[in-house]
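Enquirer: Sequence:
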Amino acid sequence: MATLTPDPCAARRLVVKIGSALLVNRRTGALNTDWLVALAQDVAQIKSTGADVILVSSGAIALGRGALGLGGGPLPLERAQAAAAVGQIRLARAYEQVLAPHGITAAQVLLTLDDSGDRRRYLNTRGTVATLLGLGVVPIVNENDTIATDEIRYGDNDRLAANVAVMAGADQLVLLSDVDGFYTANPAAVAAATRLDLIESITPEIEAMAGDAGSGLSKGGMKTKLLAARTATAAGCAMAITAGARLHPLSALGAGAPATWFTATLDPQAARKRWIAAMKPKGGLQLDAGAVAALVRGKSLLPAGVTSVTGRFRRGDPVALLGPDGSTLGQGLTRYTAREACAIAGHQSGRIEAILGYPGRAALVHRDDMVL
1 MATLTPDPCA
11 ARRLVVKIGS
21 ALLVNRRTGA
31 LNTDWLVALA
41 QDVAQIKSTG
51 ADVILVSSGA
61 IALGRGALGL
71 GGGPLPLERA
81 QAAAAVGQIR
91 LARAYEQVLA
101 PHGITAAQVL
111 LTLDDSGDRR
121 RYLNTRGTVA
131 TLLGLGVVPI
141 VNENDTIATD
151 EIRYGDNDRL
161 AANVAVMAGA
171 DQLVLLSDVD
181 GFYTANPAAV
191 AAATRLDLIE
201 SITPEIEAMA
211 GDAGSGLSKG
221 GMKTKLLAAR
231 TATAAGCAMA
241 ITAGARLHPL
251 SALGAGAPAT
261 WFTATLDPQA
271 ARKRWIAAMK
281 PKGGLQLDAG
291 AVAALVRGKS
301 LLPAGVTSVT
311 GRFRRGDPVA
321 LLGPDGSTLG
331 QGLTRYTARE
341 ACAIAGHQSG
351 RIEAILGYPG
361 RAALVHRDDM
371 VL
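Under the working numbering, residues 1 to 372 are what the sequence shown spells out, in order.
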């Protein structure tokens, strides 16, 4: 059972979703610099505890339309994408400038819905984000609005943030919103509406309470936040909805500011292992005794320990891990295709580039992508 600690500073890996209405002044189209500086201070404090932080940030279109003088109201797709292209530069620069005084490097990661749906792109993104976090970088994730059409859009950054949290194995997700939590009804319309401080299960009654109202610059309503909560908590990530407009919103949340927390029933790694175990394998890797012993000790599977490869699979597909006698030991997600696995099986990892003609990963199945 994951421990629910209503404090971002207690997270091991934290994802924070930031909406356009918090970043950009609705009237002028300018960046809310003081707010962003305060958020960067919060991020630096959290990182000082040893935690990883990922920011999922809206704001590119809002900043771009201000710079281009496009005014308010809905934009045609082409103009929205043009505004995003202009705004993405400004958004990335703003994060770079506020994080740099704390010795923190920022990176821009642009995603579309297709990137989550395609296994290869998903694994590539996951690997890149993991590498950035290992280097102490704060990834700034945004939807790639310059190329995304309605067919490949998330449409709201609440769902994008939840998918990023799952991909990164985060244990906490915080949605900085224009309201301070989830209410029994729209508090702007129903005076008797009350905030629910803790939601342990998203029931039909909870779903019925959600409304669709959003602010002028953001698209997400409570229904999208519930969808995000369902995605995150199923993967072992607790989620909070809290008001983000105040300065230092993450510090305020840690100090007990009003919020709604959705609990997770598993830790992220256990949830991922359960997901892998439930998959139908597309092939098999037979291992020698040395490889079996290494896996039992918690090591990754290297090509040198594979004696044979069966099936037709792509990179990222589930494969059965078989002992020398053919018995099933477990399964995992392969980092190579069946053709590549056949070519490098039995060889040392240092030979992968010479065999395949291009550099590859040392592990055929990483321990994080394996269940025994």
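Treat the hints loosely; a few may be bogus.
Below, computed lysine-lysine pairings styled on DSSO-like, alpha-carbon distance capped at 27 Å [unchecked claim]:
no. : residue 1 : residue 2
1   : K282      : K299
2   : K299      : K273
3   : K280      : K299
FYI, nobody ran anything at the bench for these hints, they're computed from the structure.
Enquirer: Decide, hint by hint, whether the structure agrees.
Expert: Hints, verified against the model:
no.: 1; hint: K282 x K299; in the structure: 22 Å, holds
no.: 2; hint: K299 x K273; in the structure: 15 Å, holds
no.: 3; hint: K280 x K299; in the structure: 23 Å, holds
In this structure, every one of the numbered hints holds.
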